[in-house]
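Here are the chains, one letter per residue:
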Amino acid sequence: MTDEPAVVRLRLSADSPSALAEALELARDDVPRAEQMHELEAALMPLLSGGAKSGTTSKLPKRPVAAGAALGVKLLMAAAVAAAGVGGALHHFAAQSRAVSMAVPASAPAVPSLRPAEPARVAPVDEIEHQRAPASAEPAEAEYRAIAHAHAGAGVTLAPSTETAVTAAPTAGTGEAVFPDATGSAEVTLLERAQRALRTDPAAALALTDEDARQFPAGALTQEREFVAIEALAALGRRGDATTRADTFRARFPDSAHLRRLDLLLRPTSDDAP
Amino acid sequence: MKPLTLVNAKIDSPELSAQAAAVDARPREIPAFREIFETHAPYVWRTLRRLGVHDADAKDMCQEVFVVVHRRLPDFEATSSVKTWVYGIAIRVASQYRRRARHRSEELSADLPEVSVPPEQEIDFRRREFLGRLDRALDRLDHHKRSVFVLFELEDMTMNEVAQTLGCPLQTAYSRLHAARALVREAFASMDAPKGDE
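Taken in order, these protein sequences are the chains called V and F.
The working numbering numbers the first residue of the first sequence as 9 and each following residue consecutively.
The working numbering numbers the first residue of the second sequence as 10 and each following residue consecutively.
Isolated chain V (complex conformation) (with noise of 0.2 Å):
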């Protein structure tokens, strides 16, 4: 080994272009925004909640997600609450979750019906893979297949490509799926307000979120709330107020996957040199 064992990382080296250290310091925190991380969620909800258990370790059964789809909507649906977040997340939740209950009476399979709210589906898996590159499908299996390889050892057994993400599985047929959002959907509506008044009046926004922390104390979206009064005390220029408050939010969910997004939000910048 002649090159170096113990590298000094570029933006920590002290010989490194300043331009280049900030550009890879700025790229660190080029975290997605809340609001996006939301959508991402809400994209793969489905897969979310099948079979999740969060915190936990387990191995999940061979086809894991339509065991998942199988428990029935109502699953679904709560953990669309659970994942539903702020910005556009909100509104495909909303929509979504109208479809599903209006699907749920009927016979239908339930899971297909959300195949309108064109968002937040996620596509079976062959579907993705095929319209992206339908001439390249064979070289990405063959990919996936070595790194499979690589990280798992020989003798791997790959699930054939023909296994769907969700929107294949039957749903049981029961007819006790309802969508439990009375609350939910309240919570979801206050905090889409909130989340659209941040632009363009952030004292608004903050009100709203005071007012969904005084109907939800409790409710599945608490730290989106608090993300977004969070960001209308900054946008409002209360910095002070903002920093306590993040320092609550860091306090209260070490784990959260806001918290590099809050790092920036609240980063100072030069222009907060006195």
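Just so you know, these hints were derived from the structure itself, not from any lab.
Quick list of the computed label-pair ranges, beta carbon to beta carbon:
hint	chain 1	residue 1	chain 2	residue 2	range
1	F	Thr181	V	Ala221	48 to 56 Å
2	F	Arg108	V	Pro25	29 to 37 Å
3	V	Asp209	F	His187	50 to 58 Å
4	V	Arg207	F	Thr181	44 to 52 Å
5	V	Ala211	F	Phe134	22 to 30 Å
6	V	Ala194	F	Thr88	43 to 51 Å
7	V	Ala259	F	Asp165	19 to 27 Å
Remember, predicted model here, so these are calculated numbers, not experimental data.
Every residue, glycine too, gets a C-beta built ideally from N, C-alpha and C.
Fit chain F to the supplied structure of chain V, relying on the hints for placement.
Showing chain F alone in chain V's frame:
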């Protein structure tokens, strides 16, 4: 088959062996999909962006990564870390994306805003400029060098993890890092009169 990293670490410094041991010491239980998602999604997103995935496509590509993760999870055997496995999938998704993007490069470079951040935030001007410069520098690298650079410099992987993620020998990963750094430095030097654009 043992992970490459363990094989290669034997010829390496004590520090690298320690890194390999750290990799090796990961719990053997396979986390649930949600846990994997929550742990890695923001950073997979960040990685995809620096690997050349446009902001407007980042969500879709990140979704694609985790759809594959979900599909492959039952077959994942925890002989290596989940992290390097997930990032390995991300690297391949980004590679495919860039191949496709070459066929529609005019669409990519033309209409879409590069960083869709709220414009009222002061910091975004600086972010935009610096990230733009970094991306232009990274665009000069081939996918292999770019991947090594991003995983090491931004994702803070050890070089053993980088090699494991990319399925290449450790020495190769080092060579690529070395070459990538030289090219990035050179690119920054040539851009160093900051005018905000090229």
